[in-house]
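> Protein chains in written order, with our numbering: chain A, 1 to 215; chain B, 1 to 98; chain C, 1 to 998.
None of these hints come from the bench; they were simulated from the model.
Be careful, since some hints might not be right.
Between beta-carbon pairs, the in silico distance windows are [said to hold, decoys possible]:
id, chain 1, residue 1, chain 2, residue 2, range
1, C, Glu-831, A, Gly-115, 23 to 29 Å
2, A, Ala-87, C, Arg-704, 34 to 40 Å
3, A, Ala-127, C, Glu-831, 37 to 43 Å
In silico PhoX-like links for lysine-lysine, alpha-carbon gap of 20 Å or less [claimed, not checked]:
id, chain 1, residue 1, chain 2, residue 2
4, C, Lys-632, A, Lys-177
5, C, Lys-751, B, Lys-84
6, C, Lys-476, C, Lys-490
7, A, Lys-126, C, Lys-751
Backbone N, C-alpha and C define an ideal beta-carbon position, used for all residues, glycine too.
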Amino acid sequence: MVKGSQGVKSVQGAKNVQRTKRVQAAKKEAQTGDAVTVERREALAGRVFSAAGVTVTPLPPAERVSLRAPEDSVAALSRALGVTLPAKPKTSAAKAGRLAFWLGPDEWMVIDEGGKDPLADCARVKALHSAVGISHRNVAIAVTGPACEATVSAGCPQDLSLAVFPVGAVSRTVLGKAEIVLYRAAEDSFRIECWRSFSDYVFTFLSEAARDAAA
Amino acid sequence: MLLIRCPYCEEERPELEFRNAGEAHVARPADIAAISDEDFEAFFFIRSNPKGIIYERWRHIHGCARFFNAVRDTVSDKFVMTYKAGEPKPKKLPGVAK
Amino acid sequence: MADSFRISGAGRFSHAKTARFTFDDKPYSGIEGDTLASALLANGVHLVGRSFKYHRPRGILSAGAEEPNALVGIHRDAARKTPNVRATVQELYDGLTAVSQNRWPSLSFDVGAVNDVASPFFSAGFYYKTFMWPKAAWKSLYEPKIREAAGLGVSPDQPDPDHYSARFAHCEVLVLGGGAAGLAAALAAAESGVRVILVDEQAELGGALRFESAARIEGQDGWTWAQGIAARLKAMPNVRVLTRTTAFGYYAQNFVGLTERVTDHLSSPGMDQPRERLWQVRARRVVLATGAIERHMVFADNDRPGIMLASAARTYLNHYGVAVGRNVGVYTANDSAYAAALDLKKAGVNVAAIVDLRDNPSGDLIDQTRAAGIEIHGGRAVVSVGGKLRISSMTVQPRTGGKNQRTIPVDALLMSAGWTPSVHLFSQSRGKVAFNEQVKRFLPGTYAQDCISIGGCNGTDELSTCMDEAYAAGLKAAKDAGGKTAKAAKPKVEADEVWSRGMLGAAPGAEAGTTVKAFVDFQNDVTAKDIRQAVHEGMRSIEHVKRFTTNGMATDQGKTSNMHGLAIAADELSRAIPEVGLTTFRAPYTPVTFGSIVGHARGSLFDPTRRTAMHDWAERNGAAFEDVGQWKRAWYFPRAGEDMHAAVNRECVTVRKTAGLFDASTLGKIEVVGPDAAAFMELLYTNPWQKLDPGRCRYGLMLREDGFIYDDGVVGRLAADRFHVTTTTGGAARVMNHMEDYLQTEFPHLKVWLTSTSEQWAVIAVQGPKSRDIIAPLVEGIDISDAAMPHMSVREGKICGVPTRLFRMSFSGERGFEVNVPADYGETVWEALWAEGQKHGACAYGTEAMHILRAEKGYIIVGQDTDGTVTVNDAGIDWAIGRKKTDFVGIRGMKRPDLVAPGRKQLVGLKTKDPKVVLEEGAQIVADPNQPVPMTMIGHVTSSYWSENCGRSIALALVAGGRDRMGETLHVPMPDRTIEVEVTGTVFFDEKGEHLNG
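Produce the complete structure using the sequences and hints provided.
Right under this line is the structure:
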């Protein structure tokens, strides 16, 4: 359900992009010999919302791992993943299509947007850790444009100014009545991760907030 | 809405991200199956409910998800300090007269 | 023109831009920039409302947010009717429709005014004393009637079509109040580079400079200077200026609630604009520049329309270009009213006389007034007024009494008893006010938060001193919050006005012993006499006086009345004002709409609605849904012509005969991973886990430490160090929290981690004798034969080419599987299974059939058959406890004396004697139906259904000593009959459990 009214554009373009990615993913799996005979249906397929200064867009599917590990294992896991797991609160690391979010003192979310499987990388690590696949648990939404901060601030109580929440900052927090993981991808772009069944609420909330973000 | 310093996130965060989890420093007896009714009552049911300084547990449930301990004044509702779970009860409290 | 009181050349708005409006259906014309009040006054309208209790005619007292009288309804359309809008705050727009309130049949003739005549009966405490007997009449008669007659405006009766938005904001310096002081402080702070938010409730910044015509700053008149500073601030990237915005609440740690009125002043607001915007601001430092509010004089009939605050009359003249009368009188106890008289005189309005309580008023202002030819009556008081719907004269006599009275005709009376600093927000911040005996004011004393008060709210009178104080405060606030040193120079004040002194309490003629109506609180109709009566009746604390008289308890929160009320009470008690104390100021400062508080959280955003991956399929296939927490779950799937009963019966029978597909996705799922995973499971669940082989499942039962059942679910061991735990749908979040709590704080030594995977997996339960045949063609890499994959086992493999965790388990008592697939594939795998199922005649079934099928087997549902006071033994599932275990959560609690005492309620089955009768869930059970009421209740029904498979009704119940009552007849008394039931075991269908492999 995309709400459109005066001054606000509804866009349907993203559906095609997602479909292309889906086909690519299916092809890739077919190459490895396991044909997927059913289609993947994303929770927010086809939904995009634009208002003055901000666009709310679902991001394509990605591979995600919830990674838990003691300090001793971090180096080995970082090597296997090809990205250094950040040690400082509210920070992230990014390398070659792979994001690592600090979520807690022994907790990271690893996201791979390049079609590689971080879960398999973790499986090769002998050092003590817990890696659980959550690719389908989460849905990602991009909030992009000069009014992105105002949009997210409609429901997130954290100070999101660049000085306090700089590019690369990431935090689990709340948006209205839903829990989210908020990542600042660029000065004018946030990536919001939420659980699949909350994605409708989060997307609708962001769309409503976007209408008022130029103020 | 209060601001609460999470000792794991090392900064103050809005109260909306937290959840109170009752009194702190109430350790579950290691031999719980063997304790008397009176000891179980003291462990499970009896809480101090003080006017003034209280030691309590909070969870940064919508943040780093860690449980931690906090010292709060129940009269002013002000947090005196917070510290990580498992750390001992602080001997000295900043800015609090005995 | 109709605006006969509009003065050409006065005011700050172009007379060319007119705005038409109606008041009580009568058309008027005003100009853009007017408030409703100024526009009404421009048309000579003073009578705008009736009072709350006595229905006395009321006019416009003020020109701002403190207004107690001029409350009107603003009607935009059928759905947009806002009651109790202050006419002094409502900006005029073309087409505005306003109606008066609290009158019938009309404003000038109001039947309710009989209350005024009968007022001796309506004195303070009237309601408390009168409607005491009979007690029952209070609820049925008195209260509804009183409520009907009382109350102010009428609430809208349609849903609010407007939308409201919200924003969290953060800044280093928040300045509340945009008068001279607030502007100077904001400028100083802003120049130092920190984030500044400046807030003012008016449409334009400037505060008291709206009316202070004599002020000159930086070579300009005060108002022009203010507009220049405002423009400068608005242009700065680090400053947000919020006008038409009220700081209504000051909460802990400098958290301030602001409500911004975005469209209330617009003729035709765009639908995309929110009507209001709630700002929740967190500031490092707060600067309070909330000014001061003028007090009225407390004298007989001081509420007549046409009697108003001197500063209000001056505002209407200097800002709106409106004279409040043609022949005005002034009644004052301080100097500031003289400035109003002078301004009016200069604008050509006749000032009949100034009556000053002070014996020998003196000073420059008084000299100027005298020089302007205005009569000054020092040492005199206004003791009565003529006119009812509008003042027509004032009667003056020496304040010390005597017969030397003189009646002076006036059409308006301006009054000033002095100024009360607005310490509301300071007080809300938990700061303690202190009484300054010299100036008779409560001023900010001890601060509780990082804020500072400046200007009028700090008791600073002279503009030049205000400016110094404000500028320094702005600089310091910015510096304390991390700013640099400011570059801008402090604004220079060349000419200013001084307000000080005045009086508190009743004026002569309304003192103790008099019976006149000298109003202290206009909105709640509280007179000086009422306050004295409260003291006479034994109220000693101001808090009691307030509640007895309702002084200061109206929506204006006593902005004009509190100090007078306090002084009168103190006088009557012969105690000093600080000893009697000041009542607490509470949020909101002025009324806040529900819309503003609700913000975005309405409609689909009221609460998240969670839908499973298969939701759309269920919707397309006609499912009825039920709410389970935030989830929408398919309840049943009616076919054409079927009601719920028929659909559910068919689904139940089909599952046992062939098979059914059920969406079990909402179950909580937690992945427990680590070398100590089994050890952790041992501690959190009653069951033994160490010896459970990978690939096998077990029913897990979780207790709280107090020994009561908390949750349950099937747990699969995927590997030595990995468990796939399921929880109840409702328990998912709290079970995770419970497990994390123990792991982090009691068992931190265990090497194990928990991850919620509830939403990673969509779960399709395929249950029934044909379930294996249905999944077989789609499953790859898993041997699903009974030998290879017996009941209660789990395998990982593929289905439809998608990774699956396949559970062989049953919540129906039939052979069954639960197919877990990554959520985005849930719907399409379901569709594939559905296609296979169709070949076997399988159905889709919903939660209702699921509930019945499990009840037929006596499987409990935690939260339905248990309620937080049910033990493992009560539920009859002792087999779930690992007997050799030495510890698990609840192991000690479950042995508490009360939990092992005989006679506890135990879960049993009930069969009604008449198999067609279905019991009501929650119904109470008694042993002897003929005992006197109140009966001894020995239990209650927890689950009850029609079971098509059993051909009769079935029920589960918790009954005292139930398992010793097998075969006993008990009774369920209902309002119309008593139902006989037989106590049975909990399994109603396939007692031997043969269907699990059938």
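> A separate judgement is required for each hint: does it hold in the structure or not?
For each hint, the structure was consulted:
| no. | hint | verdict |
| --- | --- | --- |
| 1 | C:Glu-831 with A:Gly-115: 23 to 29 Å | holds (25 Å) |
| 2 | A:Ala-87 with C:Arg-704: 34 to 40 Å | holds (36 Å) |
| 3 | A:Ala-127 with C:Glu-831: 37 to 43 Å | holds (42 Å) |
| 4 | C:Lys-632 with A:Lys-177 | holds (17 Å) |
| 5 | C:Lys-751 with B:Lys-84 | holds (19 Å) |
| 6 | C:Lys-476 with C:Lys-490 | holds (13 Å) |
| 7 | A:Lys-126 with C:Lys-751 | holds (14 Å) |
In the structure shown, no violation is registered for any of the earlier numbered hints.
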